[in-house]
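Those protein sequence lines, which keep their order, are chains A and B. Residue numbering for the first sequence follows my numbering, starting at 857 and increasing by one per position. Residue numbering for the second sequence follows my numbering, starting at 857 and increasing by one per position.
No wet-lab data here; the hints were simulated from the structure. Heads up, some of the hints might be wrong.
[What the hints assert, rightly or not] Computed Cβ-Cβ distance ranges for the label pairs, DEER-style:
hint, chain 1, residue 1, chain 2, residue 2, range
1, A, I888, B, S947, 55 to 65 Å
2, B, K982, A, I1106, 28 to 38 Å
3, A, R1116, B, V985, 27 to 37 Å
4, B, K939, A, V1024, 46 to 56 Å
A virtual CB, placed ideally from N, CA and C, is assigned to each residue, including glycine.
Number of protein chains: 2
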Amino acid sequence: MIAIAERINGMFSDVKRAIKKKDPSIICDLAIKQTEAGAKFLDVNVGTAAADQCDAMQWLISVIQEVVKTPICIDSQKLDVVKAGLEVVKSEVLINSCKGEPEELDVYLPLAKKHNASLICLTINKQGVPQDVHARVEIAATIAAKAMEHDFDMTKIFIDPILLPINVDQKQPRYLFEVFNQVKYISDPPPHIVVGLSNFSQGTKERSLLNRTFLTMAIAAGLDSAVMDVLDKDLMDATICAEVILNKHIYSDLFLKAVR
Amino acid sequence: MIAIAERINGMFSDVKRAIKKKDPSIICDLAIKQTEAGAKFLDVNVGTAAADQCDAMQWLISVIQEVVKTPICIDSQKLDVVKAGLEVVKSEVLINSCKGEPEELDVYLPLAKKHNASLICLTINKQGVPQDVHARVEIAATIAAKAMEHDFDMTKIFIDPILLPINVDQKQPRYLFEVFNQVKYISDPPPHIVVGLSNFSQGTKERSLLNRTFLTMAIAAGLDSAVMDVLDKDLMDATICAEVILNKHIYSDLFLKAVR
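Next comes chain A alone, as it looks inside the complex:
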């Protein structure tokens, strides 16, 4: 599981405050704790805290890079903010995200390639966010075709089929499992598949249970990455256990410790 830690995001009030005051302590703390919890990437999203989002993104990345070597996931819908992040990033990097629209892919794929970055591509196009299996897989195929056209390493593409909250449409999880299954066969090697996990339980009362149950079922269906709360120990335990069950880590009696 490529766990992308979600917590350094200006939507959270402590991070928002830290960005406004340029106070590095809470950011450093989250960077260290999330790394220790098993994050493969640290998602960095400035939210709406800063007047100058480019500056805020560069500040956050610099602060994080002073305390950990964990790769950064630059999370912004704005191209100039992504570019600002890419300027200061020192290690492996993931861009989150671009739409599965040919014109947008033609901008982001060369940019990512230039910086040796991986790229999260959403199954969203001009028609909006598809609600069924077929349209999602069709956009995933467009993304894969564009990646090939740009001679982009497919193992650096992360397809995000858009996980909606369960209280919005209860048919969606089953559709997503089917999408995970189909995307695995879209190319050889296949792209990664990623979801924004916490969105699944938005507005519900059993957030942790819903998140970890969905995630283990999703792992069984082929999901291999998620933007998630790595500080939720039960969620990380369930993730490790699911991967042991799929024989992705060797079983030992102390597998939770061993995998960590």
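Following the hints, position chain B against chain A.
Same frame as chain A, now just chain B:
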């Protein structure tokens, strides 16, 4: 999920003692608690506690039927013990189990039909317990064909593809998920698929985590029944949650309570 409660089994020392002393209190207590926890069937296995296993089976069933109406699952490898149980059972009943061997099926299917019982059939034959997907599905197909031959209601057949402990062979869980997927297409309507869940974590140190993680992944792959520890609240919560995710129960904020 057709949860078959595992606890009334002479392998457990308290139940063994109760059978030996013909002390109904612990049995009644387990029957009530497991029913309240959501058991659809109460598995009854005399183990090795009694000299006369037929008598012990009849005593257990009678004691249980005095306190709950929950259907009984008569669990014995011995035909005479099964028959003794069938004599006293008052409600819906499940027989656990017979092998997927034509000669044995020709005995058990008519017996089950006569008593309007459901029947757990193991994917075991004269060659032993198969370790791969193909041989398990082949035996499942034999079982389904025999059921049709005996004009036996397929929705009363429970195929058990034999879940081995994860510390015995780590490739098995993935094989089982594939078996679950394939057995769904063996007939229309398909038979149920059942596993003895606790066997999966036999001898491990993370029993509850392994059981519930396997179960949620298995539900995603099509499993719809398990002989399991219904008194493990985390396991039952995960089961309910997985079924809500698959849209088998309607989502509400209090879904754990609502489904129970």
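Hint by hint, here is what the structure shows:
For I888 (chain A) and S947 (chain B), the hinted distance range of 55 to 65 Å is satisfied, since their beta carbons lie about 59 Å from each other. At about 34 Å, the beta-carbon gap between K982 (chain B) and I1106 (chain A) stays in the expected band of 28 to 38 Å. Taken as a hint, the range 27 to 37 Å holds for the pair R1116 (chain A) and V985 (chain B), whose Cβ atoms sit roughly 34 Å apart. Separation of K939 (chain B) from V1024 (chain A) is about 53 Å and conforms to the stated range, judged on CB atoms against 46 to 56 Å.
Comparing the model with each earlier hint shows no violations; every hint is respected.
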